[in-house]
Amino acid sequence: MATITITIKLFAHFRNGRFKEAAQRLDPGADCRQVILGLGFRLSEMGIVMVNGQHAPLDQPLNEGDTLALFPLVGGG
Amino acid sequence: MNKILRVNMHDLTTSIEALPPEWAGLGGRALTSAIVAKEVPPTCHALGPDNKLVFAPGLLSGTAASNSGRLSAGAKSPLTGGIKECNVGGTAAQMLARLRINALIVEGTPKGDGWYSLRVSKDGVAIQEEAGLLGLGNFAVIDALQSLLGKKTGVIAIGPAGEMKLTSANISVKDPSGKIRSLGRGGLGAVMGSKRIKFLSIDDEGAPGIQIADPEKFKSASRIFTKALMDHPVSGQGLPTYGTNVLVNILHEAGGLPTRNFTYGQFDGHEQICGETMHDTIVARGGKPRHGCHAGCVIQCSQVYNDKDGQYLTSGFEYETIWGLGANCCISTLDDIALADNIMDDLGLDSIETAVAFGVAMEAGILPWGDGKEVVRILREEIGRGTALGRVIGSGAGAVGRTYGVTRVPTVKNQAIPAYDPRSVKGIGITYCTSPMGADHTAGYTIATNILNVGGQVDPLKKDGQVELSRNLQIATAAIDSTGMCIFIAFPALDIPECLPALIDMLNARFGAQLTGDDVVGLGKRILKTERAFNLAAGMTAADDRLPEFFRTDPVAPHQAVWDFTNEEIDAFWNF
Numbered sequence: 001m002a003t004i005t006i007t008i009k010l011f012a013h014f015r016n017g018r019f020k021e022a023a024q025r026l027d028p029g030a031d032c033r034q035v036i037l038g039l040g041f042r043l044s045e046m047g048i049v050m051v052n053g054q055h056a057p058l059d060q061p062l063n064e065g066d067t068l069a070l071f072p073l074v075g076g077g
Numbered sequence: 078m079n080k081i082l083r084v085n086m087h088d089l090t091t092s093i094e095a096l097p098p099e100w101a102g103l104g105g106r107a108l109t110s111a112i113v114a115k116e117v118p119p120t121c122h123a124l125g126p127d128n129k130l131v132f133a134p135g136l137l138s139g140t141a142a143s144n145s146g147r148l149s150a151g152a153k154s155p156l157t158g159g160i161k162e163c164n165v166g167g168t169a170a171q172m173l174a175r176l177r178i179n180a181l182i183v184e185g186t187p188k189g190d191g192w193y194s195l196r197v198s199k200d201g202v203a204i205q206e207e208a209g210l211l212g213l214g215n216f217a218v219i220d221a222l223q224s225l226l227g228k229k230t231g232v233i234a235i236g237p238a239g240e241m242k243l244t245s246a247n248i249s250v251k252d253p254s255g256k257i258r259s260l261g262r263g264g265l266g267a268v269m270g271s272k273r274i275k276f277l278s279i280d281d282e283g284a285p286g287i288q289i290a291d292p293e294k295f296k297s298a299s300r301i302f303t304k305a306l307m308d309h310p311v312s313g314q315g316l317p318t319y320g321t322n323v324l325v326n327i328l329h330e331a332g333g334l335p336t337r338n339f340t341y342g343q344f345d346g347h348e349q350i351c352g353e354t355m356h357d358t359i360v361a362r363g364g365k366p367r368h369g370c371h372a373g374c375v376i377q378c379s380q381v382y383n384d385k386d387g388q389y390l391t392s393g394f395e396y397e398t399i400w401g402l403g404a405n406c407c408i409s410t411l412d413d414i415a416l417a418d419n420i421m422d423d424l425g426l427d428s429i430e431t432a433v434a435f436g437v438a439m440e441a442g443i444l445p446w447g448d449g450k451e452v453v454r455i456l457r458e459e460i461g462r463g464t465a466l467g468r469v470i471g472s473g474a475g476a477v478g479r480t481y482g483v484t485r486v487p488t489v490k491n492q493a494i495p496a497y498d499p500r501s502v503k504g505i506g507i508t509y510c511t512s513p514m515g516a517d518h519t520a521g522y523t524i525a526t527n528i529l530n531v532g533g534q535v536d537p538l539k540k541d542g543q544v545e546l547s548r549n550l551q552i553a554t555a556a557i558d559s560t561g562m563c564i565f566i567a568f569p570a571l572d573i574p575e576c577l578p579a580l581i582d583m584l585n586a587r588f589g590a591q592l593t594g595d596d597v598v599g600l601g602k603r604i605l606k607t608e609r610a611f612n613l614a615a616g617m618t619a620a621d622d623r624l625p626e627f628f629r630t631d632p633v634a635p636h637q638a639v640w641d642f643t644n645e646e647i648d649a650f651w652n653f
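Sequence lines, in order, name chains P and S. Quick note: the first sequence, position 64, residue 64 per my numbering, numbers continuous. In my numbering, each residue's number is its place in the second sequence (first place is 1) plus 77.
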C-alpha cells in the first residue's frame, strides 16, 4: 500500500529541539494522534491541533497533502 | 474618605466631593460609564465643553491582588460618537487608589488659548499653567517630569497627536520602567487635548492607603487567585514567553490574519514578524522577553525590544500593532514595525487605529504596500508636524477612507477593526458589531474559544453559538474591566474553577460585601445596557451594529469565508 505525505508545522516551544516545518510519510489511515505521539509529544501538551487551517479532533485521519499544525496552549490578545 | 475629584477647566476651579451612594461599589469601567452616562449629554460634541473625561482605578486597584493595577478612562468618543472606556496598566491606578480617589472628573474647556497641567496629591487636585512641555513627545514629557518631581511620580500625558485633537490620539500612562502604556482607543487623547491639559502628575506621598475589610480572607483568596494565574498554561507560560505576538502564526494558520487591508486571511511574511521570531530576536539582542505593565502583574506579557545595537527600541510591543503594520500593511521587517511603534507611543497615537489607517492609505495609493520606511517618515514628518496628510491619517481608518474614496474600510462605529478577520473568526465579528465601544477585540474576546480552545470550543467558521459566546464574554469583560483586573485573567477564569470565585472573594473581603457570581454578571449586564443607552441617545441605531459591506461580498482566503449573519441574528445579541 502506498504511503501518503503530509506537512507538519510546529509552533511556540514545540519547535525547541525539533523543527518548524517538515514533511512526513505516513501509512494511509494514520490519524493526528499517531503523528503527535510519534513526535514524542504527550497528548496533554496539545493546545490547538489544526488540519489545513481548521481545528481537528485527534482521531481525524490524514490525507495526502494535508498540513498538520500543532500549537501548545498559548494565547494573547 | 473615598472621594471624587472634580476639575472645571472653564472656571479653572477644583473640588473634592464625597463619593455619592449611587456610585458606591463601582470602579473602573462601571464607574466611568456611570459618570459619563449621568453627566455627559449624549448629543454633545465630544471635543466641546460638555464632554467630560473621567479616570477611575478598578475596585481592587491598590491592593496586593495580582494583576489589579488597571486604570479606566471614559468620555464620549470623538472617533465613534458613542461612549468610550479604555483601560491601561502603568502606575497611576494604584497611586489614585491609595489616595482613595475613586474618580477624577475633568469637565469644561478653557476660555483662552492657554495650556494646563493637573497635580494630584493627598490634598486633592491643582490646576497649573503649562508651557514648557507643549509640543513634546510622551517620552520627553515623562523624562522631564521625573527629573522635576522624582522617579516615583505618576504621569498621565498626551503627545502632539492629542494636542492636535486627532481622533486617533491616545492617552499615555507611565509604566514602572518610566516608559509608556496606552489608553489606546477611541481618541480619548483628543478629549484631553480639547480640555488643554498636557499632563497630570500624581504624588501619592502621605496617601492613606487601602483599607481591607477582612485582611485574612483577602489574603487567602488572593493566594488561590494568583495560583490559578500561574497554573494556567496561557497566563502562566505562553504569555510570559512569547507575549501576545504568538498569535501571528496561530491566526495565519487559521486563515484569520487580516492581510493587505483585509483582502486575505494569511500573510506570506508571517514567520518574519511572528512571536517566535520576536522572542529569539529579543533574547539575542539582550532585551527582556518578560515585562509587567504594572506592579503586581504575574503574567508579564510585555517585553523590551532592542535594536540590532542592543539599544532600547520599544516595549509593550503587542500582537495587534505588529499585525496592523505587518500583515495588514505587508511590512515584514520587525525592526521597522518596532520603530513605528515607538514613534506612535511618543506622538500619542493609537497603534491599532493608526496601523489600520495606513492599510487604507496603502489601498488608496498614498504609499506603497510594505514600505515600512515611508510609514516611519509619515509618522514623523506628516502626523508629527500636523500636515494636512498627517492629520487625515491621524484621524483614523474611516477618515482616510472617506477622504480618498476607498470602499474597503474596516471599521465599526468608525473605529478600526483589529487583528482578527470576522469572516473566518465569526464570534469576534459579533463583538465588533455589538460592542458599545466600536470594533474592539478586548470587549468580548471570542478568539479564546473560537481559536485557542480556552473555555471550550466554538467552530470559528460556523455561525452556531457565536452570539451567545460574544454576549457571555462581553458581560464578563465589562465586570472584569470594573475590578482593575487585566483582561488576561479571563484565560484562567474560563478554565480553572477556583479562579472566578477567588476574585469574587477578594471583592467581598476588600469591601465587606456579600457579592455572588450572579451579582457580578448583573453588574456586567448593567454596564453594557448603560453604555448602549448612551449610544442610542447619541443618535446611533441598530444599523450601527453592522460590519462594512465588503465583509459580505468579498470572500477571504483560504477558507473563502464571508460574513453571513442576518441583521436579526446580530440584534439578538441584546436579548438579555
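Please keep in mind that the hints were generated in silico from the structure rather than gathered at the bench. There could be a bad hint or two in this list.
If the Cβ cut is set under 10 Å, some of the chain P residues that face chain S in the computed set are [as the list claims (entries may be wrong)]:
(1) Thr5
(2) Phe11
(3) Ala12
(4) Arg15
(5) Ala22
(6) Gln24
(7) Met46
(8) Gly47
(9) Met50
(10) Leu73
(11) Val74
Now the in silico label distances, taken between C-beta atoms and shown as ranges [claimed, not checked]:
(12) S:Thr593 to P:Phe41: 46 to 56 Å
(13) P:Arg15 to S:Gly363: 47 to 57 Å
(14) S:Thr340 to P:Glu21: 20 to 30 Å
(15) P:Pro57 to S:Pro578: 27 to 37 Å
(16) S:Thr354 to P:Asn63: 24 to 34 Å
(17) P:Phe19 to S:Thr340: 49 to 59 Å
(18) S:Glu94 to P:Leu43: 50 to 60 Å
(19) S:Gln534 to P:Gly38: 18 to 28 Å
(20) P:Glu21 to S:Glu116: 41 to 51 Å
(21) S:Ala290 to P:Phe19: 31 to 41 Å
(22) P:Asn63 to S:Leu613: 18 to 28 Å
Remember, predicted model here, so these are calculated numbers, not experimental data. Even for Gly, the Cβ is constructed at its ideal location relative to N, Cα and C.
Hints, one by one, checked against the model:
1. Proximity of Thr5 of chain P to chain S is violated relative to the hint, the smallest CB-CB distance being about 19 Å (cut-off 10 Å).
2. Among the interface hints, the one on Phe11 of chain P holds; its C-beta lies about 5 Å from the nearest C-beta in chain S, closer than the 10 Å criterion.
3. Here the hint on Ala12 of chain P is kept, as its CB sits about 6 Å from the closest CB of chain S, short of 10 Å.
4. The beta carbon of Arg15 of chain P comes within 6 Å of a beta carbon in chain S, closer than 10 Å, and the hint placing it at the interface holds.
5. A least Cβ separation of about 15 Å between Ala22 of chain P and chain S goes past the 10 Å threshold, and the interface hint is therefore violated.
6. At its closest, the beta carbon of Gln24 of chain P sits 17 Å from a beta carbon of chain S; the interface hint therefore is violated under the 10 Å criterion.
7. The beta carbon of Met46 of chain P is positioned within 10 Å of a beta carbon in chain S (closest approach about 9 Å), and the interface hint is therefore held.
8. Checking Gly47 of chain P against chain S by beta carbon gives a least distance of about 6 Å; that is within 10 Å, so the hint holds.
9. Restraint check, Met50 of chain P versus chain S: the minimum CB separation of about 6 Å is within 10 Å; hint holds.
10. A distance limit of 10 Å between C-beta atoms decides the matter here; for Leu73 of chain P the minimum to chain S is near 4 Å, and the interface restraint holds.
11. Given hint, Val74 of chain P at the interface with chain S, holds; its Cβ is 3 Å from that chain's nearest Cβ, closer than 10 Å.
12. A C-beta distance of roughly 41 Å is found between Thr593 of chain S and Phe41 of chain P, which places it outside the suggested range of 46 to 56 Å.
13. Range check, Arg15 of chain P to Gly363 of chain S: Cβ separation about 22 Å, and the 47 to 57 Å hint is violated.
14. A hinted range of 20 to 30 Å holds for the C-beta pair Thr340 of chain S and Glu21 of chain P, which are about 25 Å apart.
15. Under the hint 27 to 37 Å, the C-beta atoms of Pro57 of chain P and Pro578 of chain S, about 31 Å apart, fit the expected range.
16. Against the hinted window of 24 to 34 Å, the Cβ-Cβ separation of Thr354 of chain S and Asn63 of chain P comes to about 30 Å, which satisfies the hint.
17. Look at Phe19 of chain P against Thr340 of chain S: about 31 Å separates their beta carbons, and that is not inside 49 to 59 Å.
18. With their beta carbons about 58 Å apart, Glu94 of chain S and Leu43 of chain P fall inside the hinted range of 50 to 60 Å.
19. Evaluation of the 18 to 28 Å hint for Gln534 of chain S and Gly38 of chain P yields a pass: the beta carbon distance comes to about 24 Å.
20. One distance hint, 41 to 51 Å for the beta-carbon pair Glu21 of chain P and Glu116 of chain S, is violated here, with the actual separation near 57 Å.
21. Remark: the range hint 31 to 41 Å for Ala290 of chain S to Phe19 of chain P is contradicted by a beta-carbon distance near 55 Å.
22. Between Asn63 of chain P and Leu613 of chain S the beta carbon distance is about 51 Å. The supplied range of 18 to 28 Å is therefore violated.
Hints 1, 5, 6, 12, 13, 17, 20, 21, 22 from the earlier list are contradicted by this structure; the remaining hints agree with it.
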